[in-house]
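A.B. asks: Okay, here's what each chain looks like letter by letter:
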Amino acid sequence: MKLPPRTFSRIAAGAMLLAAPGMALAAARVPHGAGLPWWAWPLILFTTTFLMGIVAVVGGIGGGVLFVPIVGGFFPFHLDFVRGAGLMLALCGALASGPGLLRSGLASLRLAMPLALAGSVGGIVGALVGLALPTRVVQAALGITVLAIAGLMWVTRGSGHGARHGADRWALALGLHGRFHDPASDQMVEWKVHRTGWGLASFFGIGMVGGLFGLGAGWANVPALNLLMGVPLKLALGTSGLAISIINTSAAWVYMNKGALLPAIIVPSILGVMLGARVGVRVLKAIKASTARNIVIAVLFLAGIRSLAQGLGF
Amino acid sequence: MAHFDESLQAEQRVYADWLAWGTRLGFGALVVTYLVYLSGLLAPAVAPQRLPELWGLSLTEYLAETRAPTGWSWLLNLGQGDMLNLVGVAVLAAITLACYLRVLPIFVRARERVFVAICVAEVVVLVAAAAGVF
Numbered sequence: 001m002k003l004p005p006r007t008f009s010r011i012a013a014g015a016m017l018l019a020a021p022g023m024a025l026a027a028a029r030v031p032h033g034a035g036l037p038w039w040a041w042p043l044i045l046f047t048t049t050f051l052m053g054i055v056a057v058v059g060g061i062g063g064g065v066l067f068v069p070i071v072g073g074f075f076p077f078h079l080d081f082v083r084g085a086g087l088m089l090a091l092c093g094a095l096a097s098g099p100g101l102l103r104s105g106l107a108s109l110r111l112a113m114p115l116a117l118a119g120s121v122g123g124i125v126g127a128l129v130g131l132a133l134p135t136r137v138v139q140a141a142l143g144i145t146v147l148a149i150a151g152l153m154w155v156t157r158g159s160g161h162g163a164r165h166g167a168d169r170w171a172l173a174l175g176l177h178g179r180f181h182d183p184a185s186d187q188m189v190e191w192k193v194h195r196t197g198w199g200l201a202s203f204f205g206i207g208m209v210g211g212l213f214g215l216g217a218g219w220a221n222v223p224a225l226n227l228l229m230g231v232p233l234k235l236a237l238g239t240s241g242l243a244i245s246i247i248n249t250s251a252a253w254v255y256m257n258k259g260a261l262l263p264a265i266i267v268p269s270i271l272g273v274m275l276g277a278r279v280g281v282r283v284l285k286a287i288k289a290s291t292a293r294n295i296v297i298a299v300l301f302l303a304g305i306r307s308l309a310q311g312l313g314f
Numbered sequence: 001m002a003h004f005d006e007s008l009q010a011e012q013r014v015y016a017d018w019l020a021w022g023t024r025l026g027f028g029a030l031v032v033t034y035l036v037y038l039s040g041l042l043a044p045a046v047a048p049q050r051l052p053e054l055w056g057l058s059l060t061e062y063l064a065e066t067r068a069p070t071g072w073s074w075l076l077n078l079g080q081g082d083m084l085n086l087v088g089v090a091v092l093a094a095i096t097l098a099c100y101l102r103v104l105p106i107f108v109r110a111r112e113r114v115f116v117a118i119c120v121a122e123v124v125v126l127v128a129a130a131a132g133v134f
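Residue numbers (this note's numbering), protein chains in the order written: chain C, 1 to 314; chain S, 1 to 134.
Rather than coming from a laboratory, the hints here were simulated on the basis of the structure. It is possible that part of the hints are untrue.
These stretches of chain C come out as covered by chain S in the derived footprint (C-beta under 8 angstroms, 3 or more residues) [to be verified]:
| id | segment |
| --- | --- |
| 1 | 67-78 |
| 2 | 205-211 |
| 3 | 265-273 |
Negatives, chain S to chain C, calculated, CB over 10 angstroms [stated by the list, open to error]:
| id | residue |
| --- | --- |
| 4 | S39 |
| 5 | L42 |
| 6 | R50 |
| 7 | L76 |
| 8 | L78 |
| 9 | R109 |
Even for Gly, the Cβ is constructed at its ideal location relative to N, Cα and C.
Please construct the entire structure, taking both the sequences and the accompanying hints into account.
C.D. replies: Have a look at this one:
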């Protein structure tokens, strides 16, 4: 059944309008979710993550980056379990999109592999540090990180094509160059990378932040690939997703071995975001991307403030 | 400078195929085991009715309160509804490892030494993480 674009616009606007009061309602956080039957919370979580899935796709970000600050700040679950779920959420989204991106050439396995290795090691370090630090410290650091992400998204919202440049020594040795077909322009786009060493260092740091907070790292991977290493934006977006599927795997195992993955939180969240993302892809056609991105930045800003305030004990 | 090496295309295609099948398997397992958990067919290690008083605890407090298994010991408790859910999670977390093991011989055959090394290093990192070394 095909619905007209205007209907999708209304759905998108409704989803975004619902998300804000939903968060405000949840802000009156009830300790441990008292007063509601156990099954109500997974149901609320499913609904919330469904909306998040729509907003995430329309805003051009991964669901994980919205999930951890919002669910960690406004739901009765401890941050340890929220971070584990956020990590699985980002992992599942990346796994699901990986095959299509690889087959279409919009992700490069060869480009992702060295960066993901650095990120995997960083992810393990981050997961171990995150599970060892006091919750308040992690919550405050999460707030600062989310505010920084909102700032980064604001600053880089106009970025586009990779700059013209020569390949560096490492990139030549690794064969990090190629070309892909851009369906939008119906042209073959040639690419090569530079500043490979800095790129590897960045991915270690990004992996660490991802493992520490359970965030997907597309918000940082894409600028690192596009602005730092000079990869064209479309290839950067696709390769970032593939890298997340590799990097988050290592941290997911750490969380799983420590017993921090609660099925009652993980499964409704994954299903909600995945279904929401499918709707979001259709909504994307009917809504102005820049407007959606600005809404995401505003939501992240609010969630970041909330997380920081909780961490500081307000 | 165009770079269209047949072996590279093959390795990317193979990785995509394995990723697609593994993801389907993982999601399928996740949904089916969650339905089993919700249906109550298998008694869980932690009763769902207790969750609202437990999920607000830190991981350390939660483990002390529930004595839930850590590491791979969940495999010994697959008869419990909540532990069975971890099968789907484990499959999803194992897909990347399987994909790397599948493309490794392609790099070896192509004598791509740097990528063989990267592949082996990633496999070591993932196996160590999965084994609970960290």
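A.B. asks: Each hint: holds or not?
C.D. replies: Outcome of the hint check:
no.	hint	result
1	67-78	holds (count 3)
2	205-211	violated (count 0)
3	265-273	holds (count 5)
4	S39	holds, 12 angstroms
5	L42	holds, 12 angstroms
6	R50	violated, 8 angstroms
7	L76	holds, 14 angstroms
8	L78	holds, 13 angstroms
9	R109	holds, 16 angstroms
The structure fails to meet hints 2 and 6 from the earlier list, while all remaining hints are met.
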